[in-house]
Amino acid sequence: MSLDRSDVDKIAHLARLQIEEQDTPEYAQNLSNILDLVDQMQAVDTSDVLPMAHPLDAVQRLRSDEVTEANNREALQAVAPQVEKGLFQVPKVIE
Amino acid sequence: MFDKTLAELAQGLKAGEFSSVELTQAYLNRIKAEDSKYNSFITVTEEQALAQAKTADEAIAAGTAGAFTGLPFAHKDIFCTQGVRTSCASKMLDNFISPYNATVVEKFNAAGGVMLGKTNMDEFAMGSSNESSFYGVAKNPWDTECVPGGSSGGSAAAVAAQLAPAATGTDTGGSIRQPAALCGITGLKPTYGRVSRFGMIAFASSLDQGGPMTKTAEDAAMMLNVMAGFDKNDSTSVDREVPDYTADLNKPLDGLTIGLPKEFFMDDLDSEIAERTQAAIKEFEKLGATVKEVSLPNTALSIPAYYIIAPAEASSNLSRFDGVRYGYRCENPVDLEDLYKRSRGEGFGAEVKRRIMIGAYALSEGFYDAYYNKAQQIRRLIRDDYAKVLSEVDVIMGPTTPHPAFKIGEKTSDPVAMYMEDIFTISLNLAGLPGMSVPCGTVNGLPTGLQIIGDYFAEQKLLNVAHQFQLATDWHTQSPQGI
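For the record, the sequence lines run as chains A and B. 1 is the number of the first residue of the first sequence in full-length UniProt numbering; add one for each residue after it. 1 is the number of the first residue of the second sequence in full-length UniProt numbering; add one for each residue after it.
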């Protein structure tokens, strides 16, 4: 599997990552090498094998729908880059 | 004093030979004097440590002390510590003062442990050499031109350099066992679900597991006694009784059956590492164990499967770093997309970006079945191989790594070559099994590790096996020159 620059740009956009133009060829090369490595999987017949998501095949625990957490807004927002009146601030989204 | 184990230090505290404050101050002084050589700490928490030590001394005086009260140790900087920077060795979290404690941190606090500081690591635990740290590489105390391994490289270097008697680590594909092997210390990756992941910054949630990094198996048992246990805040935590991990240490090994997977002793294994491993197995035979050749036929597939599953989970987990709620935010974003892209592009290092992109690609439309689903199917094959072998033997042994520590910079230009260093450790994470690495010799002056693998929740057995080995050998007591 070989990725070119436009593939890298597309993936970087999906992942919301800014990649500098001069770095794109190196990412294309490295990512292609990694994909060559993982392509070894394709040689194995797994048609009758169930995918395994959890080593002990555990399922999600359920709990009753009750409020268990206190409101920690101040403590949590103390580490935010920009807040105002208890809200996280971002550049204008809606005109 | 710095060569003492946790067990010995606990004795000294109990006997009143020294106080926790004296012990803690001695370690803090040593870190200050020596760590410029190793760069093993990102943050040293002197004030908090001395306050915790003082509280511990009061508990000792009052007769309310527990087994861990007053013992100093370090946390990998992946565990959230309230009021203390928790960086995950990333520029993204360089300014992050955690508003809460990880469950593991709470448990050590409740046990009276004294945190000396937060140790260096690969950025977001992605790496096998500690070279992806935003704070610079930690150095191997056996040869400071070599890497300490990774991702828990700072924890391994700190213990090997005797800057802390023990440290926590986390292991997603070998990140406790591989640096333990490369730095000549003992490391244990518990069964998936045994130690809470709450507040342990997530890399690949179905693989991540915290564990101890220590001088001895006995110390690892003391640490695991503190760390293990059910946590309602971790959705994959296992609700199962926690035994006293020190209880079985002294059981004799008569009748132990050891499986040696032939796939762990292939041609590309360093011949001297193969010899050290074989010599260690001979020790076990002297202790009454029998050895049997076994096969884990899908071992070679563990790396390809891992490099889909781990990046896929990472790309999802790391989407939370968006420059909005905490962590790094770029200067003067023009719009929201620019804010996301530049905050992440500038905040993450190259290896983290590579893995996020591999994961995003594998999970993108049209590729899911060929990559993620396929990898999860192979994961089951790998687990089934282990289940079959572990129904025939008590433990599996082999080398922890294919090579001893390599030179800093030697593998940075070739990510795939770096990934191959984890060939013997990765399959355990995919299977969710517990494993240890214990020192078993040196090659050209650099330590090598013996890996011991057991069945689910067989940590007591692993610690027993490792402890008996350490009673019969002295590899674990050897220190780098000048330390």
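Incorrect hints may appear among the rest.
[To be verified] Covered, in the sense of this in silico footprint (three residues per stretch, anywhere, with C-beta under 8 Å from a C-beta of chain A), are these stretches of chain B:
id	region
1	216 to 226
2	375 to 381
3	466 to 478
[Said to hold, decoys possible] Facing chain B, from chain A, some residues (calculated, C-beta under 8 Å):
id	residue
4	25
5	55
6	61
7	70
8	72
9	91
In case anyone wonders, no lab produced these hints; they're calculated from the structure. We treat Cβ as the ideally placed atom computed from N, Cα and C, and that holds for glycine.
Query raised in the report: Can residue 61(A) be said to touch chain B, with a Cβ gap under 8 Å?
Result: With Cβ-Cβ at 7 Å, under 8 Å, it holds.
Query - Annotated coverage of the region 216 to 226 of chain B by chain A, confirmed only when three residues or more have a Cβ within 8 Å - result: Coverage by chain A is violated for the region 216 to 226 of chain B (0 residues, Cβ < 8 Å).
**Report entry** Restraint outcome when residue 91(A) is required to lie within 8 Å of chain B by C-beta distance
**Finding:** At 5 Å from the nearest chain B Cβ, residue 91(A) passes the 8 Å test, so the hint holds.
Query raised in the report: Is the interface hint for residue 25(A) satisfied, with its Cβ closer than 8 Å to some Cβ of chain B?
Result: Not OK, violated: residue 25(A) not within 8 Å of chain B, min 13 Å.
Query raised in the report: Can the hint on residue 55(A) be confirmed by a CB-to-CB distance to chain B that is less than 8 Å?
Result: For residue 55(A), the interface hint holds, since the closest Cβ of chain B sits about 2 Å away, which is under 8 Å.
Query - Claimed coverage, the region 466 to 478 of chain B by chain A - three or more beta carbons nearer than 8 Å - result: violated (count 0)
Query raised in the report: Holds or violated: is the Cβ of residue 70(A) closer than 8 Å to a Cβ in chain B?
Result: 12 Å, violated
Requested in this report: With a cut-off of 8 Å on the beta carbons, see whether residue 72(A) makes it to chain B.
Outcome: Holds, because the Cβ-Cβ distance from residue 72(A) to chain B comes to roughly 7 Å (cut-off 8 Å).
Query - Three-residue Cβ test at 8 Å for the coverage of the region 375 to 381 of chain B by chain A - result: holds (count 7)
The earlier numbered hints that this structure contradicts are 1, 3, 4, 7.
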